[in-house]
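**Q** Here is how the chains run, residue by residue.
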Amino acid sequence: MVDNPIKDKTAVVGIGWTAFTRRSGTSTAALAAQASLMAIEDAGLRVEDIDGVVSYYHKHNDTVDPKELAHYLGIPRLDYHLLHDGGGSWNAGSIVAAAALVHAGLCKNVLVYRSKNTYSEGRATAPKRAHEVTGADQFTTPFGMHHPAANFGQYATAHMARYGTTTLDFAHLAVTERKHAMLNKKAQMRKPMTIEDHQNSRWIVYPFRLLDCCQQTDGSVAVVVSSAERARDLRHNPVYIMAGIGGNAYVADLWQTYGVYSGPRLFEMAEITPKDVSVAEVYDPFTFMCMTHLEDFGFVPKGEIGPWVREGHNALDGDLPVNTHGGLLSEAHIHGLNHIIEAVQQLRTEGVVDDLCDGPHTFDRSVCRQVKEPQIAFVCGEGAGSAILLRKG
Amino acid sequence: MEYTKPLPTPDQDTLPFWEACKQHELKAQKCSSCSSYRWRPRGLCPKCRSWEFQWVPLKGTGTVYSYVVVHHVTVPEFADDVPYVIAHVTIDGTDDEVRITTNIIDCPWENVQVGMRVTVVFDDVTPEFTLPKFRPLK
Numbered sequence: 001m002v003d004n005p006i007k008d009k010t011a012v013v014g015i016g017w018t019a020f021t022r023r024s025g026t027s028t029a030a031l032a033a034q035a036s037l038m039a040i041e042d043a044g045l046r047v048e049d050i051d052g053v054v055s056y057y058h059k060h061n062d063t064v065d066p067k068e069l070a071h072y073l074g075i076p077r078l079d080y081h082l083l084h085d086g087g088g089s090w091n092a093g094s095i096v097a098a099a100a101l102v103h104a105g106l107c108k109n110v111l112v113y114r115s116k117n118t119y120s121e122g123r124a125t126a127p128k129r130a131h132e133v134t135g136a137d138q139f140t141t142p143f144g145m146h147h148p149a150a151n152f153g154q155y156a157t158a159h160m161a162r163y164g165t166t167t168l169d170f171a172h173l174a175v176t177e178r179k180h181a182m183l184n185k186k187a188q189m190r191k192p193m194t195i196e197d198h199q200n201s202r203w204i205v206y207p208f209r210l211l212d213c214c215q216q217t218d219g220s221v222a223v224v225v226s227s228a229e230r231a232r233d234l235r236h237n238p239v240y241i242m243a244g245i246g247g248n249a250y251v252a253d254l255w256q257t258y259g260v261y262s263g264p265r266l267f268e269m270a271e272i273t274p275k276d277v278s279v280a281e282v283y284d285p286f287t288f289m290c291m292t293h294l295e296d297f298g299f300v301p302k303g304e305i306g307p308w309v310r311e312g313h314n315a316l317d318g319d320l321p322v323n324t325h326g327g328l329l330s331e332a333h334i335h336g337l338n339h340i341i342e343a344v345q346q347l348r349t350e351g352v353v354d355d356l357c358d359g360p361h362t363f364d365r366s367v368c369r370q371v372k373e374p375q376i377a378f379v380c381g382e383g384a385g386s387a388i389l390l391r392k393g
Numbered sequence: 394m395e396y397t398k399p400l401p402t403p404d405q406d407t408l409p410f411w412e413a414c415k416q417h418e419l420k421a422q423k424c425s426s427c428s429s430y431r432w433r434p435r436g437l438c439p440k441c442r443s444w445e446f447q448w449v450p451l452k453g454t455g456t457v458y459s460y461v462v463v464h465h466v467t468v469p470e471f472a473d474d475v476p477y478v479i480a481h482v483t484i485d486g487t488d489d490e491v492r493i494t495t496n497i498i499d500c501p502w503e504n505v506q507v508g509m510r511v512t513v514v515f516d517d518v519t520p521e522f523t524l525p526k527f528r529p530l531k
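Line by line, the protein sequences give chains A and B. Just so you know, we're using the numbering used here here: the first sequence kicks off at 1 and counts up by one. Just so you know, we're using the numbering used here here: the second sequence kicks off at 394 and counts up by one.
If you are wondering where the hints come from, they were derived from the structure by calculation, not from laboratory data. All C-beta atoms, glycine included, are put in the ideal place defined by N, C-alpha and C. Wrong hints could be hidden among the right ones.
[What the hints assert, rightly or not] Listed next, the in silico EDC-like pairs over lysine to aspartate or glutamate satisfying Cα-Cα at most 20 Å (straight line):
no., chain 1, residue 1, chain 2, residue 2
1, B, K440, B, E490
2, A, K128, B, E395
3, B, K398, A, E132
4, A, K128, B, E470
5, B, K415, A, D137
6, A, K128, B, D474
7, A, K59, A, D85
8, B, K398, A, D137
[To be verified] Derived list of chain A stretches under chain B, where covered just means 3 residues or more per stretch with a C-beta under 8 Å from a C-beta of chain B:
no., stretch
9, 133-144
10, 199-206
Use the sequences and the hints to build the structure in full.
**A** Quick look at the structure:
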């Protein structure tokens with residue numbers, strides 16, 4: 001018997017989102033409230049039923065605080081709130097925290113959200129932040145390491161040297177994700193993209209071109225986590241949380257991430273193997289990061305991700321559909337909480353509600369992005385910083 | 394001309410590293426108990442948990458472990474430098490433990506490669522701070 005007492009004991013019961021734009025024209029509190037009300041309504045709950053609130057940011061707080069949001073929404077009883085600084089590494093971690101609170105009996109229904117005005121407000125503050133160089137940053141920032149691509153690009157270069165991965169491989173991933181986004185009404189990037197478009201786009205930070213980089217977004221996503229028992233009485237079929245990991249230790253090698261260590265543990269806790277996963281929503285701030293995550297968690301043998309994406313195994317009808325919403329690259333950058341709601345949508349009885357299908361899903365890939373009969377979804381965060389397995393109930 | 398780029402903010406763990414750079418010496422901590430090199434500088438050895446260490450001089454040579462080339466400017470102070478190379482360089486004689494983030498200079502970016510041999514160049518950017526950069530070993 002595997003030591004994972006939380007397995008299938010909690011569930012994602014509600015999901016909500018705002019429009020994903022470059023200028024929300026409103027506050028992160030209002031965005032969070034809008035997504036949260038949708039998620040609570042989607043669950044079939046009332047605001048008064050929420051008793052825990054969890055959120056996260058990266059390094060510099062750019063969002064409404066959970067306690068402030070509870071006040072904004074008029075939540076009368078707040079038994080636990082948590083604001084974590086893990087950024088994109090903690091998208092799955094935030095759901096794991098909510099599940100732990102519910103399973104421990106500290107809360108009944110936990111609201112998780114991420115809300116940001118990164119495009120309209122966050123970009124302007126980046127040059128100022130470059131001058132804050134304490135801690136680990138004192139060894140990187142003075143050398144001009146500011147753009148996240150300058151950090152994550154190091155992983156890509158190391159992998160390219162070791163395994164012969166190329167920027168043309170990156171192009172195939174970007175194009176496939178764009179195809180998925182074109183079937184997603186809420187995606188920010190829905191213009192067709194070709195391999196040539198990618199290869200002709202300008203360098204941002206070698207080895208990443210413009211079309212290897214995710215966009216920046218104003219918007220919010222919210223999720224409600226409850227007990228499996230309550231989930232069965234709520235509006236939608238439960239999406240059970242099988243197993244999750246919410247942290248990552250230091251890994252010296254750059255051609256791999258912590259997934260090589262946390263992956264086996266995650267699948268062992270869920271009592272499945274990577275082959276049992278139907279759909280994967282994988283953190284993709286840059287094309288290559290999605291690719292190394294797929295290797296490190298055991299979906300693709302190490303070093304073979306280049307041919308794998310070229311052969312299109314990550315497409316909607318491939319062996320393992322990846323980033324079916326378009327990912328951070330083409331849907332939006334809501335710090336990967338948008339990956340969670342896509343996984344949940346895919347595992348709902350009615351499937352995704354915001355593709356181009358009119359009525360039931362047709363699986364015609366000119367309009368439909370619903371994967372055929374998915375049972376288990378995988379989601380991970382930046383640098384394999386957290387990961388989760390969800391099951392259709 | 395005034396140097397306006399970001400400078401390190403040393404702390405008690407890291408100050409000896411920056412002071413050595415000012416003297417044009419590359420130094421790192423070596424554990425007095427298990428002889429492992431430590432990077433980044435810290436009081437505790439993560440291998441044997443000893444608090445004892447010595448600052449020892451390193452060879453000024455190393456190998457490019459990975460690199461990127463910044464083309465797109467996000468911080469205006471670097472606008473005149475693009476394209477510039479940021480590399481991780483593994484320092485010789487440290488059992489691959491000391492891997493420094495640095496710039497590769499005196500080399501067209503197209504010629505930089507993983508595995509390239511490099512040697513340290515001390516750049517006295519201000520009277521207070523010297524940044525260890527690297528150029529190809531001839």
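**Q** All the hints need checking, so say for each whether the structure fits it.
**A** A quick look at each hint next to the structure:
no., hint, in the structure
1, B:K440 x B:E490, "holds, 11 Å"
2, A:K128 x B:E395, "holds, 18 Å"
3, B:K398 x A:E132, "holds, 11 Å"
4, A:K128 x B:E470, "holds, 11 Å"
5, B:K415 x A:D137, "holds, 19 Å"
6, A:K128 x B:D474, "holds, 18 Å"
7, A:K59 x A:D85, "holds, 6 Å"
8, B:K398 x A:D137, "holds, 14 Å"
9, 133-144, "holds (count 11)"
10, 199-206, "holds (count 5)"
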